[in-house]
Structures are given as structure tokens and as C-alpha cells.
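A.B. asks: Sequence:
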Amino acid sequence: MDDLQKIIGYQFKNLSLLNEALTHSSYANEQHKKQKCNERLEFLGDAVLSVVVSNYIFKNCPQMPEGELTKLRAYLVCEKTLFEFAKQIDLGSYIKLSHGEKRGGGDKRASILSDAFEALIAAIYLDGGIEPVSKHILRFVIPEIENHNNKKYKDYKTTLQEIIQKNPGEKLEYILVGESGPDHNKHFKFEVRLNNNVIGKGGGRNKKEAEQQAAREALELMGY
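Each residue of the sequence shown is one higher than the one before, counting from 64 in my numbering.
Bear in mind the hints are in silico, worked out from the structure with no lab data behind them.
Note that CB positions come from ideal geometry on N, CA and C, so glycine has one too.
It is possible that part of the hints are untrue.
As the list claims (entries may be wrong) - Restricting the straight-line Cα-Cα distance to at most 30 Å, the calculated cross-link-like pairs of lysine-lysine (DSBU-like) are: (1) K69 <-> K220; (2) K97 <-> K76; (3) K122 <-> K171; (4) K220 <-> K134.
As the list claims (entries may be wrong) - Quick list of the computed label-pair ranges, beta carbon to beta carbon: (5) K229 <-> Q68: 50 to 60 Å; (6) K171 <-> P245: 45 to 55 Å; (7) E93 <-> D153: 19 to 29 Å; (8) K165 <-> M285: 48 to 58 Å; (9) M285 <-> D65: 54 to 64 Å; (10) N123 <-> E242: 12 to 22 Å; (11) I238 <-> K143: 49 to 59 Å.
Start from the sequences and build out the full structure, keeping to the hints where you can.
C.D. replies: This is the structure we're talking about:
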């Protein structure tokens with residue numbers, strides 16, 4: 064467990080919480096004694112994760128409407144994403160499983176690893192409070208948001224370009240129409256124009272984001 068604490072960058076004051084977070088129900092049942100499994104911690108961890116993620120994207124994605132915030136949060140807290148987070152810290156190597164579960168590859172199963180990741184979140188929260196658990200969660204979440212958004216934004220512009228290219232001779236361009244805020248917190252406004260006609264507007268913290276939001280609006284107005 065010392066190695067895992069080094070990997071996550073958090074030292075537990077109460078190691079029994081970490082032990083509980085890493086104990087799968089199959090192991091607890093196999094021991095035939097009062098060994099707590101991580102199911103209750105998983106329940107709490109799910110709630111803590113949702114609050115931390117919601118708070119972060121609410122504050123850092125000011126141009127994103129409620130519907131998009133909901134979709135992004137759902138993506139960040141789903142089993143598939145948590146499974147990837149768990150693999151980043153090799154969590155499967157530290158989970159206590161029954162002999163049968165281990166032989167069946169339980170240490171590599173998405174459901175088990177994602178549940179343990181949530182349990183670990185709860186353990187850190189109970190041991191140290193909201194500040195260290197937020198730091199732990201955002202270590203994974205922030206790069207994932209950037210990666211997710213980059214893919215998504217690329218799709219908006221690419222999709223719009225592909226649609227326009229079906230009609231030869233059409234001219235598509237992105238025009239900067241506004242810029243505000245201090246250097247460390249800029250906000251840009253762009254228009255996307257088709258043959259000099261505005262077909263979409265968008266804003267963002269950088270020019271790329273603003274262009275992609277403009278492309279997104281254009282696609283929505285075009286019915287895509």
C-alpha cells in the first residue's frame with residue numbers, strides 16, 4: 064500500500080480506510096470474518112466525484128450550456144472513463160480479490176476497477192477532506208476534459224468543412240469579431256461565414272475554442 068500512496072501522492076493517516084477501499088466483496092466473503100468490503104465507500108465516492116467534477120466544469124466551462132455540462136459530467140464519471148483512470152495508477156495490482164475472482168481476471172475487469180477507484184476517492188475524502196480529494200480527482204479529470212474537448216471540437220470544424228465541400232465554390236471562413244478580458248483570462252468571439260454570410264457565432268477562452276463553438280452553432284442551425 065506504500066507504493067500506491069506514492070503513486071497517488073497522498074499519505075493516509077488512517078490506513079484502514081485505504082485497506083477497505085481496496086477490498087472487493089469477494090475477498091471479504093472469502094475471509095469469513097468482519098472484513099469490510101469497499102461497497103459503502105464506492106457509494107460515497109460516487110457522490111464526491113460528481114460534486115468535484117460538477118464544480119470544476121461549472122467554473123471552468125462558462126460558455127457550456129446546462130445540457131452539455133450534463134453530458135460532459137456523465138462522460139467523466141462513467142465506468143469506462145473511471146476504468147481508464149484506475150489503469151493509470153495500476154489500481155488492479157492493489158485490489159484484494161478472492162482466489163476465484165483473481166483467477167477469472169478480476170484485477171483487470173472494468174466494473175471492479177472503476178468501483179475501487181470510487182472507493183479510493185471516498186477513502187481520501189474521509190481521511191483528509193475535500194481539498195486533497197479534489198486534487199486527486201482533478202489530476203485525472205483535467206487532462207481528460209482537454210483531450211475530450213479537443214476531439215469534440217475537431218469534429219465540429221471537420222464536420223462543417225465536409226458539408227460545405229459538397230458544394231464546390233462555397234467559401235467558408237472564421238472571423239474574429241471580439242476580444243475581451245486580461246491576458247490571463249481572455250475571451251474571444253468568432254463568426255463563421257459562408258460566402259460572407261454569418262452562419263454561426265461562438266465564444267471561448269482561446270481562439271480555437273471560439274471557432275469550434277461557432278462551427279457548432281452553424282451545424283445546429285443547419286440541422287446537424
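A.B. asks: Please go over all the hints and tell whether each is borne out by the structure.
C.D. replies: Hint check results:
1. K69 <-> K220: Violated, at roughly 42 Å.
2. K97 <-> K76: Given that 30 Å is the threshold and the Cα spacing comes to 22 Å, the pair holds.
3. K122 <-> K171: Not OK: K122 and K171 at ~34 Å, beyond 30 Å, violated.
4. K220 <-> K134: holds (20 Å)
5. K229 <-> Q68: 50 to 60 Å: holds (56 Å)
6. K171 <-> P245: 45 to 55 Å: holds (48 Å)
7. E93 <-> D153: 19 to 29 Å: holds (23 Å)
8. K165 <-> M285: 48 to 58 Å: holds (53 Å)
9. M285 <-> D65: 54 to 64 Å: holds (57 Å)
10. N123 <-> E242: 12 to 22 Å: Cβ of N123 to Cβ of E242: about 20 Å, so the range 12 to 22 Å holds.
11. I238 <-> K143: 49 to 59 Å: For I238 and K143 the Cβ distance comes to about 38 Å; the hint is violated.
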